[in-house]
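Engineer: Given next are the chains, with one letter for each unit.
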Amino acid sequence: MNKTILLLLLSPFFIFAQDFSDEDFIYLKRHEHIQIKLNEHKFDISNNISEQAEYLTSNKLYFANESMSFDSFRTIEDIDAYTYIPSSDKKIKVDYIETKRDFDNGVFYSDQESKSFIFPAVTKGAITNLSYKEIIKDPHFLGLFRFGTYVPTKSAQLSIEFPKNVTIGHIEFNTKNIDVNFKKEDSPNGYTYTWTANNIQGFQGEDDTESALYYLPHIIVYIKNYTEEGKTYNVLNDVSDLYNWYNSLVEQIDDKDLKKVYDIADNITKNLSAKQEKAEAIFNWVQDNITYVAFEDGLGGFIPRGAASVCDKRYGDCKDMANLLYEMLNHVGIESYRTWIGTRDRQYSYHDVPTPMVDNHMINTAIVENDTIFLDATDSYVPYGMPSGFTQTKEALLGIDKDTYKIIKVPVQDASKSISKVTSEFTLDDTSVKVTEKREMTGYEKVDFISDYTFKKNDQTDEQFLNTNLALGNNKTKYTNITKANFNNKQTPLVLQYDLNIENYAKTIGNKTYINLNIDRSLSKSGLDLEGRKYSKKIDYLFEKQFISHLTIPEGYKVSYIPEELSFENPHYGYKITYSVDGNILTQHKDIYVKTLSIQNDEFESWNSFIKSLIKAYKKSIILEKL
Amino acid sequence: MIKRALIVLLLATSSSFAQQFRTYDWEKKPKLHKLTKEETEESSIGILKKHIVEYSANIMSPEPKRYETEHTITRVNDDKGIARHNTVYIPMYEVKKVVDIKARTISPKGKVTVLNQENIKEVKNVDEYGDFKIFAIEGVEKGSEIEVLYTVEKEFDMYGAETIQSNYKIKNAEFTFITGNLKSNVKAYRTDVKFEDITVDGNNAKSLILKDIPAMVEEEYATPDANKTAVVYQCFPNGQDISQEMFWTNVSYNVGTKFFPSEVSPKVSNDLPIITEGKTDMSTFEKASRVDNFIKSNFNIVKNNNEELSNLDYILENRSASSFGILKAYAHYLKALDVEYEVVITASRFEYKFDPTFFIPSMLREFLIYLPTEKKYIAPDRIEYRVGEAPANILGNYGLYIKRDLGHYFQKIEQNDPNYSQVKRTTDITFNDDIESAIIEMHQEYTGHWSATNRAILNLSSEQGIKEFKEYLTSSGVEDKQEISFSTENNDINQTKYNVPFIVNSKVSSESLIEDAGDSYIFQVGLIIGTQSELYQETERVNPIEMSYPNQYDYTITVHIPEGYTAEGLSSLNLNKSYKNDKGEKLAKFESSYKLEGNKIIITIQEFYKTVEYDLDRYEEFREVINAASDFNKAAILLKPVE
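These protein sequence lines map, in sequence, to chains A and B. For the record, in the first sequence the residue sitting at position 445 is 444 according to numbering that gives the first Met the number 0, with numbers rising by one throughout. For the record, in the second sequence the residue sitting at position 201 is 200 according to numbering that gives the first Met the number 0, with numbers rising by one throughout.
Treat the hints with care, as some may be off.
[What the hints assert, rightly or not] Anything over 12 Å on all C-beta distances counts as not near chain B; from chain A, calculated:
| no. | residue |
| --- | --- |
| 1 | LYS153 |
| 2 | THR174 |
| 3 | TYR213 |
| 4 | GLU228 |
[To be verified] To give an idea of the chain A side of the interface with chain B (calculated C-beta under 7 Å), a few residues:
| no. | residue |
| --- | --- |
| 5 | SER57 |
| 6 | TYR108 |
| 7 | ASN503 |
| 8 | TYR513 |
| 9 | TYR560 |
| 10 | LYS618 |
| 11 | SER620 |
| 12 | ILE622 |
[Unchecked claim] Over 10 Å on every C-beta distance to chain B, these chain A residues come out as not near it, computed from the model:
| no. | residue |
| --- | --- |
| 13 | LYS136 |
| 14 | PHE172 |
| 15 | PHE389 |
| 16 | VAL580 |
| 17 | ASP601 |
In case anyone wonders, no lab produced these hints; they're calculated from the structure. Cβ atoms here follow ideal geometry from the backbone N, Cα and C, with glycine treated the same way.
Sequences and hints are given; from them, build the entire structure.
Structural biologist: In structure tokens:
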């Protein structure tokens with residue numbers, strides 16, 4: 000009985016939530032129909048796209064801006080777009096479409112362009128309609144279809160129509176929580192597969208989370224193979240076909256003037272005998288001397304530029320650096336391979352998705368004294384021996400030779416490789432606290448610090464930069480005698496030293512002085528919003544922070560209170576803070592570790608208990624008393 | 000004999016038409032330049048930045064030819080320096096012909112790498128910026144010098160501007176303005192150095208040579224981009240000379256005739272009942288507000304090259320307009336409702352300091368509508384603003400005001416209501432039984448620019464944006480707060496009354512504000528006002544001080560001392576810093592004080608900034624006021640058990 004009432008109470012609410020009436024803008028439909036034709040080994044592929052959207056309010060008229068991108072692999076044709084105003088039964092056509100380019104921060108030159116226009120006369124109640132045809136010129140790029148997008152969709156549908164001698168592969172992602180209806184149709188001309196999903200909520204990004212591909216419901220379709228005259232021809236049947244295609248592109252690399260490259264490699268390694276030293280020297284040379292500049296120009300976006308030309312120009316993108324490393328390392332006798340890889344933004348496996356959607360990056364893999372070393376020279380500061388942080392956990396596709404490839408997972412780098420070690424000497428001068436501090440950083444802690452210092456410091460002075468990045472003490476902390484060492488890509492720790500003067504930091508009341516030694520409050524802002532948060536929290540790398548702080552107890556004072564030991568232990572994250580007194584020196588040990596790359600939703604509460612416990616520990620002051 | 004004289008004459012003529020770019024070139028054998036130790040520690044240093052603008056009379060047409068040459072040599076010392084200079088974008092706006100583009104790199108060892116011309120890419124129609132030629136510099140290493148030299152022929156245009164200062168130091172900058180016998184004007188901003196009269200290949204020219212131009216730096220309370228050393232110029236067709244006044248009269252006439260229609264378009268009549276909702280006796284303010292609300296709920300401003308976007312019929316039909324064209328829509332609706340207005344042309348003060356004494360069209364960047372009877376503005380292409388004061392980024396800049404009779408005047412755009420933007424906040428703080436957490440209850444009222452921004456964010460932002468904004472509205476200095484309740488009032492972006500406050504009521508709890516100290520507690524009351532940033536002064540201040548807009552904060556914070564405790568250390572709550580004008584009136588201040596009433600500590604804070612601009616010479620005093628707020632952040636109260 001009670002249950003029925005509850006259901007009755009709940010159901011109107013659900014219905015209400017589903018008609019999206021509290022939204023400003025929704026898609027009534029987003030449909031795509033891919034049509035594949037095959038004639039004498041030649042594919043003719045087009046994707047017919049039709050979209051209809053409704054403005055439920057006049058708040059966000061900026062949604063009227065529409066832009067469809069294309070490049071040398073796809074063109075756009077037959078655009079038909081108009082706005083329909085139901086109240087006046089008026090139809091206003093889009094009569095102006097512009098072809099535009101964009102400057103992108105990551106890619107210097109790209110052949111991508113867009114057809115842009117704005118829907119006319121949108122206001123509350125307006126319905127916009129768009130249909131166009133995308134011609135897909137290369138059968139490797141069927142792409143993906145999102146059932147969900149940034150705003151709700153009432154009807155999402157992908158269909159694909161293909162001849163009977165073609166086999167299609169398809170794989171869905173993040174569709175567990177939505178209903179996708181799949182239908183197969185058989186007609187004399189071929190098959191049609193249709194996936195339909197209705198009333199899909201909107202997906203908007205959150206901070207510190209994985210890329211949208213991790214939570215947006217979507218599907219990837221691809222051409223596996225086709226049969227002609229009894230013979231089967233693979234397109235992307237499995238990963239070996241993808242590799243074959245990649246290899247056919249690699250074979251087009253310009254290999255002229257390689258002697259120039261070899262001379263440089265010989266010169267860099269001439270005084271080195273161990274393979275590991277040679278590999279490290281070459282890797283560091285490419286990191287130091289080749290600047291990242293990316294060009295994406297047709298197949299040029301897939302074929303590395305010749306190593307000699309990259310050396311001359313001193314710039315290149317990921318594939319250019321990967322290939323240059325390949326030429327240099329193999330020349331000095333180090334086994335190394337061109338390697339395709341997806342960054343952490345693409346969660347796919349080569350085995351599940353044997354298409355170019357899987358990867359977006361290229362590195363080099365070297366085998367040095369039986370160790371597999373992933374070399375990503377696009378990261379100018381990562382030390383030799385560590386992969387770039389954003390490739391951890393990802394499958395690397397190593398091109399061994401013409402027909403052979405190998406897939407290896409890039410291992411997660413242990414927290415012990417990325418350590419910040421901080422030693423601080425505190426002295427008290429009335430209510431001012433003076434601290435002499437030394438920070439040593441290794442691994443990704445070092446990489447992150449140098450990258451921020453190099454590219455995010457802008458016009459800030461060193462003091463301002465440290466004050467905003469480390470946020471030690473209070474907002475009045477003064478930094479003096481700042482010294483920096485090892486701002487490079489070597490394996491030696493970066494060393495940062497400075498003196499701090501934190502005015503009004505200690506509180507003296509009566510004969511008692513209160514001081515909090517936790518001037519560094521790492522992670523105190525990383526609590527998660529349990530109510531509103533939807534997606535997992537992404538962590539860039541595993542790390543440890545080790546603090547040792549000494550306070551010299553001023554003459555005429557004794558320690559009247561030290562906080563008890565506080566800790567939080569969990570295999571994935573935790574901390575421990577202890578205090579001890581020896582003579583006139585008070586010591587605090589503080590260790591913090593994070594040993595996971597992601598906090599899944601079911602761990603949010605546990606993570607928050609960790610942060611809460613840490614904040615509580617940060618709040619503990621020690622008390623000195625006048626004798 | 001005669002024949003010969005003619006040849007000489009012809010030769011002379013053609014040589015006087017010889018263009019400087021034909022003779023100007025880079026060093027045949029480049030060498031690295033000597034730099035001081037400090038200069039090699041900068042990410043990059045401009046060794047030369049030479050810009051030549053050349054107008055030369057054209058036998059074929061009354062319009063002179065116009066060439067521009069840019070020659071730069073830059074030393075790059077580190078990764079950041081390389082990243083700053085290794086890609087080159089040459090705008091093709093108004094370019095008729097590229098005469099030459101070349102670039103080379105001189106490595107620290109003296110090796111010269113010349114740009115392969117084939118690697119110059121063409122990029123068409125980039126957003127609002129037009130076409131570009133782009134290329135990446137080849138052969139750059141740390142310590143290299145990058146040299147770029149190009150000449151373009153541009154369509155004839157009477158005016159131009161060139162920014163000379165950059166965000167890195169430039170050792171030698173030259174601006175050469177060659178006009179021969181044509182009438183011309185040139186003016187430099189933000190330098191004391193004067194132009195010199197020179198001749199270049201026999202042609203009259205003016206030259207400005209600047210040494211050691213410091214890097215323009217990003218600073219708070221500043222408009223660095225608009226403060227760079229720059230040059231503007233005008234050059235007229237043969238035989239013409241145009242005064243600045245003639246230019247302005249011309250602009251006022253051309254613009255004015257478009258925006259003061261004699262008849263209201265019949266196309267707006269259907270919309271009028273929707274705008275007025277049948278009301279007849281409305282104030283001018285309400286009429287203008289309703290027009291503003293209507294247009295911003297029904298029209299989109301479009302940035303593309305569609306010329307129809309400034310055609311009234313097209314605009315009304317498609318409800319889409321350029322930021323210029325939208326004024327026509329306003330004009331017709333306002334006229335239909337009999338609202339008197341003027342048109343204002345100006346610029347964002349963060350981009351360009353509008354100069355009534357020297358006309359160039361590129362400073363005509365922003366359009367406003369001024370309601371002279373109300374002394375208020377409409378910002379047609381600003382979705383977040385409704386009828387009120389001018390947008391914050393315009394305040395303090397000059398504007399060209401065009402009247403219905405097409406007459407014009409200049410005026411500094413200032414706030415009419417000095418108390419337009421205020422934050423009134425009352426905060427009540429209680430503690431739970433074990434003094435583990437503090438409960439912070441707030442009532443806040445925001446007006447003016449604050450309320451415009453607040454409403455816009457809540458209405459236009461993404462979910463994540465709104466989440467962050469809520470965080471900001473409920474005291475940003477508290478890291479671990481938990482929301483207990485949150486609500487807003489008057490958050491509709493379309494308002495018809497003047498300066499309706501945006502209201503926030505919130506209740507949150509926090510543990511991080513309370514620190515343990517044995518059996519006592521330290522309560523970080525200072526963080527309740529939100530994290531205040533410290534204004535630094537390590538290097539000499541470069542930019543004049545400009546606030547975002549005049550504003551005032553009035554806070555009352557009541558702390559309820561828990562039973563069984565007393566409060567100590569209250570003196571840190573008393574702060575008093577101010578900045579006074581010549582007459583001794585406070586133009587900016589931060590003042591906080593407290594009183595004890597029973598078990599309550601009542602803290603009162605008043606902080607205000609009455610004007611936008613403050614004297615650069617008195618930066619230190621201004622800084623003290625700003626920093627007083629961050630001083631207050633540190634204020635803490637000790638809660639001690641009663642003995």
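Engineer: The structure should be examined with respect to each hint, and the outcome stated for every one.
Structural biologist: Verification of the supplied hints:
Residue-level check passed: LYS153 of chain A sits 20 Å from the nearest beta carbon of chain B, beyond 12 Å. Look at THR174 of chain A: its CB is around 22 Å from the nearest CB on chain B, clear of 12 Å, so calling it non-interface holds up. Under the 12 Å C-beta cut-off, the non-interface status given to TYR213 of chain A relative to chain B holds; the minimum distance is some 16 Å. With a minimum CB-CB distance of about 44 Å to chain B, GLU228 of chain A clears the 12 Å threshold, and the non-interface call stands.
Because the closest C-beta pair between SER57 of chain A and chain B is about 4 Å apart, less than 7 Å, the hint holds. Look at TYR108 of chain A: its Cβ gets to within about 5 Å of chain B, closer than 7 Å, so that hint holds up. A hinted interface residue such as ASN503 of chain A counts as satisfied when its beta carbon comes closer than 7 Å to some beta carbon of chain B; here the least separation is about 5 Å, so the hint holds. Satisfaction of the interface hint for TYR513 of chain A is found here, the shortest Cβ-Cβ separation to chain B being roughly 4 Å, below the 7 Å cut-off.
Interface restraint check: TYR560 of chain A against chain B, minimum CB-CB distance 4 Å, threshold 7 Å, status holds. The interface hint given for LYS618 of chain A is met, as the beta carbon of that residue sits about 4 Å from the closest beta carbon of chain B, less than 7 Å. Hint on SER620 of chain A holds. Least Cβ distance to chain B is approximately 4 Å, under the 7 Å limit. Annotation: interface hint on ILE622 of chain A holds; nearest CB of chain B at approximately 5 Å, less than 7 Å.
Residue placement check: LYS136 of chain A keeps its beta carbon more than 10 Å from all beta carbons of chain B (closest about 21 Å). PHE172 of chain A, annotated as away from the interface, keeps every beta carbon of chain B farther than 10 Å; the closest lies near 22 Å. The claim that PHE389 of chain A is not at the interface with chain B holds, since no C-beta of that chain comes within 10 Å of its own (minimum 19 Å). Its beta-carbon lying about 15 Å from the closest one in chain B, VAL580 of chain A satisfies the requirement of being farther than 10 Å from that chain.
Residue placement check: ASP601 of chain A keeps its beta carbon more than 10 Å from all beta carbons of chain B (closest about 20 Å).
This entry satisfies every hint, going by the numbered hints stated previously.
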